Every structure is written in C-alpha cells, then in structure tokens.
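Novice: Here is what each chain is made of, one letter per residue.
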Amino acid sequence: MLSHYSLRLRVLEHRLPHTLIAGLALLAAIVLAAIIIPAVSPYDPIAEDIPSMLQPPSFAHPFGTDQLGRDLLVRVAAAGRVDLALMVGVELLPFLIGTCAGLVAGYYGGWPDRIITLLSDALIAFPFYLLVAVVAFVTGTGITGIFLTFLIMGWIIFARTVKGATASLAGAEWVDSARVMGFSDASILFRQLLPNVLSQAVIVLVSDMVALLVAIVTLGYLGLGVRPPTPDWGTMIADGQSFLATRWWVSTLPGAAVVLVGIALALIGDGLNDMRRRA
Amino acid sequence: MLLVLALVTVGVFLIVRLVPGDPAQMVLGLKARPEQIADMHRRLGLDQPLWRQFTSFIATLLTTGDTGLSIAYNASSRALVLSRMPVSLWLIGCSAVLVVAISLPLAMTAALHKDGWVDQLVRIVPTITLGMPEFWVGLVFVLLFAVTLKIFPVGGVQPGIDGMLYSMALPSLTIALAQTPFIVRSLRTRILEVLGSDFVVTLRAAHLPERVIRRHVLRNALLPALQLYGMKISFLVGGTLVVEQVFGLPGVGSLLFNAITARDFPLIQAIAIYCALGVVLVSVVVEIAGGLIDYRVRGAAVGGRNRAAAGEWNSAAARGAL
Amino acid sequence: MKKTSTIRAIRTALTAATAAVLAISLAACSQTGGSTTSATGASASGDQTTFTYARSAAVSSLNLWTEITSNNAFAIDKIFEPLVSFDKNGKIIDWLAKSHQISDDGLTYTFTLRDGLKFSNGKNVTAEDAVFSLQQHQAEKDAALPLTADIASVTAPDEHTVEIKLNSPYTPLLAELANFSNGIVPKDFGGKSEADFFANPVGTGPFVVSKWDKSGDLTFTKNENYWQKGKPGISKLVYKLVEDGTQAVNQLKTGQVDGIEDPALENLDELENGNDTKVETAGSWVTHTFFFNTADEHFADVHVRRALAYALNRADVTKAVSFGHADTAKTVLPKAIEYSTQDSIKPVDNDLAKAKEEIAQSKYPDGFEAKILLASGNNAYSQAAQLLQSAAAKVGVKLDIDSVDIATFRSRFKAFDYQIMINSAQADYPDADSIIDFQADPDGFSKSYWTSYSNPEVTAELKKAQVTPDGDERADLYEKIQQTLADEVPYIPLYSPQIVKALRKNVNGLEVLPNNSVRFQDVTLG
Chain A
9 MLSHYSLRLR VLEHRLPHTL IAGLALLAAI VLAAIIIPAV SPYDPIAEDI PSMLQPPSFA
69 HPFGTDQLGR DLLVRVAAAG RVDLALMVGV ELLPFLIGTC AGLVAGYYGG WPDRIITLLS
129 DALIAFPFYL LVAVVAFVTG TGITGIFLTF LIMGWIIFAR TVKGATASLA GAEWVDSARV
189 MGFSDASILF RQLLPNVLSQ AVIVLVSDMV ALLVAIVTLG YLGLGVRPPT PDWGTMIADG
249 QSFLATRWWV STLPGAAVVL VGIALALIGD GLNDMRRRA
Chain B
4 MLLVLALVTV GVFLIVRLVP GDPAQMVLGL KARPEQIADM HRRLGLDQPL WRQFTSFIAT
64 LLTTGDTGLS IAYNASSRAL VLSRMPVSLW LIGCSAVLVV AISLPLAMTA ALHKDGWVDQ
124 LVRIVPTITL GMPEFWVGLV FVLLFAVTLK IFPVGGVQPG IDGMLYSMAL PSLTIALAQT
184 PFIVRSLRTR ILEVLGSDFV VTLRAAHLPE RVIRRHVLRN ALLPALQLYG MKISFLVGGT
244 LVVEQVFGLP GVGSLLFNAI TARDFPLIQA IAIYCALGVV LVSVVVEIAG GLIDYRVRGA
304 AVGGRNRAAA GEWNSAAARG AL
Chain C
-18 MKKTSTIRAI RTALTAATAA VLAISLAACS QTGGSTTSAT GASASGDQTT FTYARSAAVS
42 SLNLWTEITS NNAFAIDKIF EPLVSFDKNG KIIDWLAKSH QISDDGLTYT FTLRDGLKFS
102 NGKNVTAEDA VFSLQQHQAE KDAALPLTAD IASVTAPDEH TVEIKLNSPY TPLLAELANF
162 SNGIVPKDFG GKSEADFFAN PVGTGPFVVS KWDKSGDLTF TKNENYWQKG KPGISKLVYK
222 LVEDGTQAVN QLKTGQVDGI EDPALENLDE LENGNDTKVE TAGSWVTHTF FFNTADEHFA
282 DVHVRRALAY ALNRADVTKA VSFGHADTAK TVLPKAIEYS TQDSIKPVDN DLAKAKEEIA
342 QSKYPDGFEA KILLASGNNA YSQAAQLLQS AAAKVGVKLD IDSVDIATFR SRFKAFDYQI
402 MINSAQADYP DADSIIDFQA DPDGFSKSYW TSYSNPEVTA ELKKAQVTPD GDERADLYEK
462 IQQTLADEVP YIPLYSPQIV KALRKNVNGL EVLPNNSVRF QDVTLG
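Protein chains in written order, with the working numbering: chain A, 9 to 287; chain B, 4 to 325; chain C, -18 to 507.
Everything labelled a hint here was simulated from the structure, so no lab data went into it.
Please read these numbers as outputs of a predicted model, since none were measured by experiment.
Some clues are possibly wrong.
Said to hold, decoys possible - Partial list, derived from the structure: chain B residues whose beta carbon lies under 8 Å from chain C:
{"#": "1", "residue": "G24"}
{"#": "2", "residue": "D25"}
{"#": "3", "residue": "K34"}
{"#": "4", "residue": "R81"}
{"#": "5", "residue": "L83"}
{"#": "6", "residue": "F144"}
{"#": "7", "residue": "P156"}
{"#": "8", "residue": "S257"}
Unchecked claim - A few chain B residues that don't get close to chain A, going by computed Cβ distances all over 10 Å:
{"#": "9", "residue": "I40"}
{"#": "10", "residue": "V160"}
{"#": "11", "residue": "P212"}
{"#": "12", "residue": "R218"}
{"#": "13", "residue": "S237"}
What the hints assert, rightly or not - Quick look at which bits of chain C chain A covers, simulated, 3 or more residues with Cβ under 8 Å:
{"#": "14", "region": "93 to 101"}
{"#": "15", "region": "261 to 268"}
{"#": "16", "region": "297 to 311"}
{"#": "17", "region": "379 to 385"}
{"#": "18", "region": "433 to 439"}
In this text, a Cβ means the ideal position worked out from N, Cα and C, and glycines have one as well.
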C-alpha cells in the first residue's frame, strides 16, 4: 500500500527547490508591498486631484499619476490587495468543486463520469466570451460577475486533472484491497485517494491563478472588469492603453505588477512540480 | 459529440433571450419611438412566446441550415459567419504552427541541458509573457514593429495568400507567446520523465536500434502535450476576439462580440453553433492523432503517473482563451 | 553513448522545427520586401485619389428614412442630398434648392431647384422626384427622423419648384428638412422595388456605392454626374471598418488610412503634433450629461439635484476627459446651436458652500445612498462618474457606480429603472427644438429624456417656441427655458466635445460638420 504523502511531509523530506523559494519570496514581497504602501503613502488611491493629472513618474509620484490625477504607486499597491484577494477567492470554489467532481468521476467511472464529461465538453464548446458577456449582463460588471464566470468555467480544469489521476490510482491493488478490507467508498475517496491526487491539483491551482489574473485584466480591457472606483490592475491597464504611445506609465506599471505576480506564481508552480516528481 | 452540439444550441438560444437588453433598442438607436420598437419586435418574431420562437428557430435551422437574418447587419447570419471565417482560420492556423515551432525546440533544448543555464532560461523567461495580457503584448508589438520599425502592417488584412501571412505574423505571434509557456513546460517535463524512465532503459538493454528508441521517446512525450495543444486550439475557436480587436482583423471573434453587444440573437446563435462544431472537429482530430501515437506506444507505458501528468498543465488552457 | 543517440534524434526534430520557423519568417520577410508600400506608403493601393476613412462600425443599411445611427447616416448622406443643408457652423444653406422662401404666415415653404441637377445614373432631377421623396418619407411608418410639422401638402407647381404647405406654423421645419433623411430619390425608385433600390441606391450625392460588405468595408466611387462641377476631387472613397480606436490611430500614423471618423480625445495631442498627422475640428451638437430620474424619491427633490450640481466641478470633469477638446457645458444647448445661452447663463456649478446649504434644505439633510447607472466600456463616462461620486460624498450622498453593458443600460433607463445616469444629448438638426423638445417635454415619448421632469411653464414655452418665427421673441423663450432647466437641474450638462477628425497631413479640403459627418467633395490629397 502506498503511503499517502502529504505536501507538508515532502517539504520536510526534501530540500526545497530553489525556484519555489524564489517564487515564494517574490510573492511575499508583492503581498507586503500591497499591504504596506497604501498604509504609509500620503496619497489616497481613490481621491481625485485633477490639476496633477497624467504626470510622468517623479520623486513625488514614483509611478506617475493617472487621468484623474491619482498617484499610481498607491493605486497599483491598493489594486494588488483587491486583485490578489480576488485571485485567491475566485479560485477557491472551482478548486473544491472540480476536485470533488474529478474524484467521483475518476473513481466510479460510468454515468457520473459521463455526465461530468458531457457538461465540461459542452462548456468548452460554448464560446467563452459569450459566457463572460452573458454573466456580466445578468449581474452587471464587477466582482460578482467575475466570480460567477470563473465558477462556471474554472472547475473543469481541476475535474479533468483529478479525474485522470484518480482513475490511474483507482485500479491499483491497494485500492482494491482497501475495498476488500471493508473501507467505505467515502473513506477510500477522501482518506486514500484525495491525498494522493491533491498535490497535482494544487500545482494546477497555482498555475491557474496566473491565467486567472490575466483573464481578469483582459475583462477590464473589454469593459467588463472590476467597477470603478475600486482600483484594479485590469481597469488601470485598460484605461491607460490608449496612452501607451504617449504616457507609457499609466498602463505599463500596473502591467508590470501583473507580470511580477505571474513570475512568482510560475516559479512556485515549477518548484512544486519539481518536488512532486522527486517524491 | 452530437449531444454536445445540441446542448450548446439549446443553451445559447435560451441564454441570449434571458439576459436583459433588446436588439431593437440597439439597432434603432437612442431616439427610437415605442411604435418603431414594437414594429421591429413583430417583424423579428420577438413578440411571440419563447416556445414558438424556439420551434421556428429549430425549423429554420434544420431546413435551411441558417439561423436567420442578422438583426444588426441586415444580412444572412450564416453568410456573415462564413465571410469572417477565413481570417479566423488563418489566425488560428498560423498561431498553431508558431506554437509548435517555438515550443518544440525550446522544450528539447531545455530537456537536453537539464538544470543548465539554457534550461533555467527556458523555464523562467516564458513565465514573463505568461503574466502579460494578450491585448497589451499586441499593442506593444504594433507600436514597435509596425509604427516605429514599419516592418509589419499595423493591422487589417492584406490581399493574397502572402499578404495574409504577412498580416498574420504579429497577431499569431501574440497568441503563440501566450500559449507556448504551457506547452514548453509540459513537453520539457515529459521528455525528462521519458528519458529517465525504466522503459527507455529496458529498450536499451534489449539493444534495440536507437532509431526505434528515439521514436518511442518522442511519441511518449508528445501525447500529453498534444492533448493540451488540442485544448488550447479549441479555446481559440471563437476566442480570438482580443487579438482581432487589437490588430483590426475582421474575424469571427469580433463579430461575436458585436453580435453580443447588439443582442443580435440569430447571429449569436450562428456563431455559437459554428464554433461548437469547430471545437468538436478539433477534438476529433486530436483524438485521432493521439490514437495514432498511442497505438504505437502502447505496451511501452511509462507508468501510471504519465496519464495524470497529461492533465497537469491543462489548467490555464481554459484561461488561455483570454 | 546511448544517451547521445537519443540526443541526436531530438536534435533532428529540433532542426526540423527550426526549419519551420525559418520558412515562416522567410515568408514574412519576402513579403516585407514586396509590399512595404502598404505598410508605410501613402494610401492603401498607392492610388493617389483614394481616400480611406477608418470607422468603428460597418454600414448595414442605406435606407435614408428608417436609419438614424451614425454608421449608416454618414454613408447615406454621401449618396442622397436634401433641398437645404447646413454648414460647418450649423447655419442652414441652400443645397439642391438654389433658393427658398417662407411665407409671412409661416405656412408655405417654396423651394426652387438648381439647374442641371442629375442623379448618378444621368437622369435629370425634377420637382416630382422631390415631392415623391418627401411624401414617401411622410408615409414611412418606421421613419427614424419623421417630419413632425403638420404638413397639408407637398406639391410641384412646375418642374423646378417644390411647395410645402402647413396647417399650422412650425419653425424647426427648415432645419428638419436639412436632415439627410429628406434626401431626394428618383420618383418611384426609378421603377425598382424599394428593397432593390436601397441595395443599389441612386442619388444626387457626390459618391456612388461600388462595393458593400455589410459587416465590413464600403467602397464608394465618385459620381461622374455630380452637380458641383469638377467634384469630387477623389475618385474612390473607402469606409474601412476599424473597430479598435488605438488600432485606427496607429493605422493613421503609418498611412494605412487617410482619416479617422471618431478619434479618441486622449489621442489627439499625439496626432496634432505628429509628423504626418493633423486634426480638424468643428463645434458639436452634443452635450454629455448626467440625468436624474426625477420620479425617484431622492431626486424628485430639487434641492438634492441642486446640491449635487453645486458639489460637482464641471470644469474638472471637462479637463479630465477632454484633453482640451471640449467646452464645459453651462446649459443644455451646445454653443453650436442657435439660441444657446452658454456665454451668459448662470449655472448651478462648483460651490461647495451652497451645495451644503441645498442639502440641508432638502428632505435628506443627512444624505442618502444612490446609484449612478453607467454603460461599461466608456472610459470618459467612467471618469466622470467617479468625479460625481467624490463630489456627492462631500454633501453626504454616497453614490455607487452601477456599470452595465450598453444594451442593458438602454433597456434599463428606458424603463426608468435608474437614479442617475450619464448619457449623451444630441441635436439631430440645427434647431434648439431638436434638443429642448426631446429633453423637456414630459408629454413626448422620451418623457424629458427619461427624467420624467415636468414643468408646465417650460412645456408651454417650448411649444410656443416651435411656432414662433426665428428672431428675438424665440431667443427670449429659449433663454427662459435654459435658465429654468439650469436652476431646476433635471440634468447636469457636463461638456460639449468638439467634433474632431484625425487626418494625414496631405489631406486638404475636408469639411467637418457639427453632426459628426464630413463632406468629401472638396478633398484632395497633396
């Protein structure tokens, strides 16, 4: 019987991959900046100051100012709070639902598998932007819409990953023997199988977060993002994109923040993946 | 597969009618009088109960293969979709080729120099483009290569096949950059796993010709990447809106967005059905290609973990559409 | 050693892949050599007399009576022309008519046609064609810009004269007639069905449709029979669909297009100062405006509306969104419309002390919460809404921004399902009535632009202004109306943007019109 390693155990057993350390450090730095900068900055991320609109980066405004004269440094940091929280919050439910669906489909096969497969196939064949737009039309643009859209689409990834992993384990001898020994299905699913497939799901989760963040940014570009005046990287990049040739800082600096988070999460994902393979 | 198509067809029909917004208001403009709007509703059959609209929609679809006259463009929906299709197909095709052309050499170089500086570079550098939204990359490309250096056109489509390729260079590179990181990582991981696997050792121990071993390694490494690749392409079908907008390409993606904005029900339905058809076709092709590879690798499985690894980077494929 | 062979295998594949990349880049490069002109050269095909105009929406119909949206209107007005028109300043000028007379009682309008007028198919234009056109327009039940005067008859006393008789005087008639919707078509559509005719229209305008993709580009060729001799100066006019604004700007910079219909205001300084680009402007008939739903319990209170208007600094809004290409609006009528009191009116604007007084006098001295309805995707409106939000906060009113897509937005405000919204108010023709009637008449279908605002005095004055001949008396009426509307604040006019066209430097003679259209007949490419 394979012992069910948890992620934590492996961390103790092996030296941490350097990509993981670098990624975690970068992410920690970003989170710290998002927490500290708005707290210590003399500027309010929301209050307008028209006379100082669209100033280039300077000592007073290291990131410059936006169209309404707001300090971009404090706005990028404040948007970090919003977007990072959103990123984690939006991912959570699809992760749980997808993992459960994948476990069930992979373990039982048969009709639960067929239903879940059909549903995910239909959703994938459904034009993504149509779904995005429809949800935004019903809820109005903003966080609720973003949350719903990615709830509808997001679980598929986890379901597919976990299903594949579960199916390859479900036929294994130790699962059969567990069944013979009288373990209930629920116990086999959650006590035996889940810990074994969880690490894969977590790796997917980390890499999916980057994609989610970019997706939220793109919604901002399409005018379907977070509502003003809440600062958000997507809306900031979108608002500034028409200035790209003349006032580069308005969209490039929030964009750089997204890229940094992307790098941090990719490094973490890479490191976790290394750990899984070593185990 | 048919069931998927049916689900999408019915789903789209219901959904577009349940959201708020009225096509007549959009076509007739801000100052439309209530009589004009009522008149248009009558002409479009929007005053009928939902089941009536549905039966007549299905009847038209089955008898003519069309979903009716587009409300916003005042032309056959099918004709509109078909007229926009070539640009989208070219875009998806060029991007698909570019993804392979970039990913394969990168992944192999990295795998061959595992943990060397090339490997580190290949692992880190693509993550930078990972966090860049396509519209932003596209804008920067336009400013750099078209406006400043004047190497490529700013946007739109030039006539002729060579003109088409020329126009597709920047847009397809933009899409490819967003997709390659996933493919490269999946491929690199797989090549490494296969190279280090028992079966390669066994094959070698059996003194099989290297030629045969090579083929096995590649096939084994390609299978999961192929599935991921197929999923990525599925998402490009009808999902190239952002790149079409940024590069001014008259494709299906921007047509869909306009149709949605205008609540152009017949056109939305037409596009959704054609896209679903496209996605189904892509998955059939991928399945066949996968089957061909799988048929030859069978019996030389690398271990239970591989199948699972296939799904590993599928993750952001879903988001790859954005 | 075993490993090296595998490596070789992989190298082979690598070489193949590299070859593929090379092939693609070669294809791209050879192309680069071949047609650099299209990326950098003058206009699209190198043909010096083609003008390519970037527009954000395609032309879907050319029916001059049923269409109103600008994507169609500004194609229609190149094909069909009315008896009278307007110039850059919105002044009515004779067009297909060489002169017009209005009887003293305001009941008879007489137009004399120019000599030698021809349709694009070479046939002569007669008064019968004009009569047919106007009668057909009156009969069209889906008319988008219907003639609202009480018309008794439209007749042709002779081949060159058109006479319109009214049952009661209606001063805006002449301005209404200047609409593109009163263009002249051949009698009985030249023997074709209406649908066939509008698929391949024949008019007196400077251009003729030659190629038309309803979801893409529209190509015009010059009308060889145009009545203005020697014009138009260009032989081909292409309406090119470029949906993305930034893309259009970049195409203009590289010469892929010669002009942009709707350049974003934030790009103008760049285009004005560009080496190869310039901008042309005219005053507009548009005012971007906050509207209050006066049927809402909070905004029924005039003090609440006045408080918000006083709290807001409209000059700031203008500055933030217009980049020097708009006038701060003080009144409902834009400056380019006659009788606008923009220069003399006393607006309720930018006075925080008074704002606080007003809110104290209102039913909600301690403030309240409400929502601004906003169509998503409009950057300027989003900025303006945020400015109102912070202004309102200063008088204790907490505003949330309810941002929905444009179709939902329209459905909601037309169902009066909003509290405050931001939208554009636009005149269709150069007469004060075009705006006032739509925005202040509670009995019209628009219910004072969906504000439900009603003031019997204003209603009576606007009805009277419709029948008062142009002159001081009419000016007085509109002055009173504008002051009342400014004081009672059913809406806060924010700014009137200039009409702006971005052009290549070599484009001369483009006439920019205040309704956002342009005239191409004098255009030459230097």
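Novice: Min Cβ distance, B/G24 to chain C: is it shorter than 8 Å?
Specialist: holds (3 Å)
Novice: The hint names B/K34 as touching chain C; please verify it with the least Cβ-Cβ distance against 8 Å.
Specialist: holds (7 Å)
Novice: So, as I understand it, the hint says B/P156 touches chain C; can you test that by seeing if any CB pair is closer than 8 Å?
Specialist: With a minimum Cβ separation of about 5 Å from chain C (threshold 8 Å), the hint on B/P156 holds.
Novice: Is the listed coverage of the region 297 to 311 of chain C by chain A valid when you require three or more residues with a beta carbon under 8 Å from a beta carbon of that chain?
Specialist: holds (count 4)
Novice: Quick one: see if chain A covers the region 261 to 268 of chain C, three-plus residues with Cβ-Cβ under 8 Å.
Specialist: violated (count 0)
Novice: Would you settle whether the hint for B/S257 is holds or violated, based on the nearest Cβ-Cβ distance to chain C being less than 8 Å?
Specialist: holds (6 Å)
Novice: Confirm or reject: B/P212 is not an interface residue toward chain A, with every Cβ-Cβ distance exceeding 10 Å.
Specialist: holds (29 Å)
Novice: Using a Cβ cutoff of 8 Å, are there at least 3 residues of the region 433 to 439 of chain C near chain A, or does the coverage claim fail?
Specialist: Not satisfied, violated; 0 residues make the cut.
Novice: Can B/R81 be said to touch chain C, with a Cβ gap under 8 Å?
Specialist: violated (12 Å)
Novice: Any Cβ of chain A at or closer than 10 Å to B/R218, or is the non-interface label fine?
Specialist: holds (24 Å)
Novice: Please confirm whether B/V160 is truly not at the interface, meaning its C-beta sits more than 10 Å away from all C-beta atoms of chain A.
Specialist: Check passes; 21 Å lies beyond 10 Å.
Novice: Mind verifying the non-interface call on B/I40? Its CB should be farther than 10 Å from each CB in chain A.
Specialist: holds (19 Å)
Violation of the numbered hints given earlier is confined to hints 4, 6, 13, 14, 15 and 18; the remaining hints are satisfied by the structure.
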